[in-house]
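Novice: Here is how the chains run, residue by residue.
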Amino acid sequence: MTSHIKLKNVSLDFPIYEGADFSFRNKISSFGRLSLNKGNDNKVRRVVRGLDNLNIDINTGDKIAIIGPNGSGKTTLLKLLAGIYMPTSGEIEINGKVNSMIDLGFGFVDDATGYENIMLSRVIRGESIRDKDSIMSAAEEFSGLEQFLNLPIRTYSSGMKSRLALSSALYSVPDILLIDEFFSTGDLEFSKKSRSKIKEIMDNSSIMMFASHDLSLIKELCTKAIYMKNGSISYYGGIDEARLMYEKDYS
Amino acid sequence: MNIFKTNYAILDLIYSAKSYYAWSYLAYFDLKLKYRKTYLGPWWVVVGMAVSAGLLCLVWSTIFNLDWRNFLLYLFSGFIIWTWITSIINDGPEVFYGSSALIKAYPSPPIFHVLRKSYLNMLLFLHHLPLILILLLIMQPEINIRVILTLPIAMLLIFINSVLYSSIIGIISARFRDVEPTVKALMVPMLLLTPVLWKPEMLGEYVNYIYINPFTYFVGIVRNDLIGLEFDIYIWYGAISITFIQLIVFLLIYSKKRNRIIFWV
Chain A
2 MTSHIKLKNV SLDFPIYEGA DFSFRNKISS FGRLSLNKGN DNKVRRVVRG LDNLNIDINT
62 GDKIAIIGPN GSGKTTLLKL LAGIYMPTSG EIEINGKVNS MIDLGFGFVD DATGYENIML
122 SRVIRGESIR DKDSIMSAAE EFSGLEQFLN LPIRTYSSGM KSRLALSSAL YSVPDILLID
182 EFFSTGDLEF SKKSRSKIKE IMDNSSIMMF ASHDLSLIKE LCTKAIYMKN GSISYYGGID
242 EARLMYEKDY S
Chain B
13 MNIFKTNYAI LDLIYSAKSY YAWSYLAYFD LKLKYRKTYL GPWWVVVGMA VSAGLLCLVW
73 STIFNLDWRN FLLYLFSGFI IWTWITSIIN DGPEVFYGSS ALIKAYPSPP IFHVLRKSYL
133 NMLLFLHHLP LILILLLIMQ PEINIRVILT LPIAMLLIFI NSVLYSSIIG IISARFRDVE
193 PTVKALMVPM LLLTPVLWKP EMLGEYVNYI YINPFTYFVG IVRNDLIGLE FDIYIWYGAI
253 SITFIQLIVF LLIYSKKRNR IIFWV
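Just so you know, the protein sequences line up as chains A and B, in that order.
Note that our numbering has the first sequence beginning at 2, numbered continuously upward.
Note that our numbering has the second sequence beginning at 13, numbered continuously upward.
Bear in mind the hints are in silico, worked out from the structure with no lab data behind them.
As the structure is a prediction and not an experimental result, all values here were calculated from the model.
Just so you know, even glycine gets a beta-carbon here, dropped at the ideal spot from N, CA and C.
Please note that a few of the clues may not be correct.
[As the list claims (entries may be wrong)] Restraint-style ranges between C-beta atoms, simulated for each label pair:
(1) Y51(B) x K9(A): 56 to 66 Å
(2) L203(B) x R196(A): 26 to 36 Å
(3) L198(B) x I17(A): 25 to 35 Å
(4) G127(A) x P54(B): 23 to 33 Å
(5) K7(A) x L52(B): 49 to 59 Å
(6) M87(A) x I150(B): 23 to 33 Å
(7) R48(B) x T61(A): 45 to 55 Å
(8) M87(A) x Y51(B): 13 to 23 Å
(9) F243(B) x G127(A): 55 to 65 Å
(10) P54(B) x D111(A): 30 to 40 Å
(11) G127(A) x L168(B): 19 to 29 Å
Given the sequences, and given the hints that come with them, work out the whole structure.
Specialist: Rendered as structure tokens:
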């Protein structure tokens, strides 16, 4: 089966709500003011444009790096493709099973053991947990946490937590793999191990999108790059060209 | 049919029905975690409930000079159903912003979190139910066999209403944070206004006022058959009507606001 991702004029706006915006009294009183005084500034809803008019075609075999400064929309784009955000306007067409590795470890329960958290995160992702034994042994082998997997994760160090988070996400080869940067976590041995495992999954998935700042890693794993700037795709093509543009803009 | 392709409420309901295993597993897990590290586990709630309902019965029957035998079963069953309803009403407002980390990290539809919470509340009710059954065995009131049919239907109806209510109030209160304290404040007087701690006939000529209160219907559909009270078809009509009203509001509000929940939590 061929997988593809197609974005057509896709934009995403983030409405901004602060303190008083959440108050009902505030809403009622501003409603009164508006009806008396049309064109009041209050009527202008504060919005931040997260993604701006994206048009892109991604097909089977594309391994794409997403680069750009913080706040340029890398994670937002991944979350949009994962189905976490819906676009404010435009069309998205996705063909293939998506597995996202964004905000790994969110929703972990501190009082539950490592094993239980792996099960929980799989269930939340909509994956089957019928084959418990093989999930467990895979997690044991990959995380290297061994007997710690039986302890509540509030006893874990942050490095151990990220090992667990990564193990909970790496289990099957999806058609479309979306990864947000996370390689900085874990010690040397684990980084090496997770890299080889992720590389294996990446090689077997038909489309991979990977947001990262690590340019050498990108060269190793990806074939193309998207350079994002202020929520829009500033360049899509070769890695070297994208990197040159990025460096030029911020040198 | 176009409406089925574009209506998020219907799409999400279909998705959730298919992923029944996931949210029920999570609810069961929440329950397990709740009682970890306790010795009596889930039985703590049962003990607590037994003590409060027992004391209430004692005080009430003294004050009102009632036959406590007659009143005990009524009060116990009403109290246990009321506990279920209160937890639905109080948990509803925080159903979305309480799950904000999950909503922002995973693509599961928002109603998934509602089902998880509603199912957990039903599981809690289920392990209070034996308390009523024990009392039934002791008191042995005359019970119509009909209860085998009406009890599951009544519970299902409350579960459905719990999902609809929590979705609606969850969306509103994610947007307006005043809703949660308001709802919680209202639930205390509602207990006094609902025929749980007293019997409708004690109201005398004002008895019909109980039908203004929506909780009367939901307490009634579970309790009346369970403890052998007279069958009242009107409370069933009432409960079903409320379900339809909630369903319409749910379809309107959820389809329209579903994609904005993530920005509010």
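Novice: Return holds or violated for the Cβ distance of Y51(B) and K9(A) against the range 56 to 66 Å.
Specialist: 60 Å, holds
Novice: Between F243(B) and G127(A), does the beta-carbon spacing fit 55 to 65 Å?
Specialist: Cβ of F243(B) to Cβ of G127(A): about 43 Å, so the range 55 to 65 Å is violated.
Novice: Just to be sure I understand the hint, the distance between the Cβ atoms of M87(A) and Y51(B) should be within 13 to 23 Å; is that true here?
Specialist: 47 Å, violated
Novice: If I claimed the Cβ atoms of G127(A) and P54(B) lie 23 to 33 Å apart, would that claim hold in this structure?
Specialist: 28 Å Cβ-Cβ, so the 23 to 33 Å window holds.
Novice: Note whether the CB distance of L198(B) and I17(A) lies within 25 to 35 Å or breaks it.
Specialist: Because 31 Å falls inside the window, the suggested range holds.
Novice: Between the beta carbons of M87(A) and I150(B), is the distance compatible with 23 to 33 Å?
Specialist: Given about 56 Å between the Cβ atoms, the range is violated.
Novice: Does the beta carbon distance between K7(A) and L52(B) stay inside 49 to 59 Å, or does it fall outside?
Specialist: Hint holds: Cβ distance 57 Å, inside 49 to 59 Å.
Novice: At the C-beta level, are L203(B) and R196(A) separated by a distance inside 26 to 36 Å?
Specialist: At roughly 59 Å between Cβ atoms, R196(A) and L203(B) fall outside 26 to 36 Å, so the hint is violated.
Novice: Please check whether P54(B) and D111(A) have a Cβ separation lying inside 30 to 40 Å.
Specialist: Because 21 Å falls outside the window, the suggested range is violated.
Novice: Take the C-beta atom of R48(B) and the C-beta atom of T61(A), compute their distance, and say whether it sits inside 45 to 55 Å.
Specialist: 46 Å, holds
Novice: For the range 19 to 29 Å, tell me whether the beta carbons of G127(A) and L168(B) fit it or not.
Specialist: 25 Å, holds
In this structure, the hints that do not hold are numbers 2, 6, 8, 9 and 10, in rising order.
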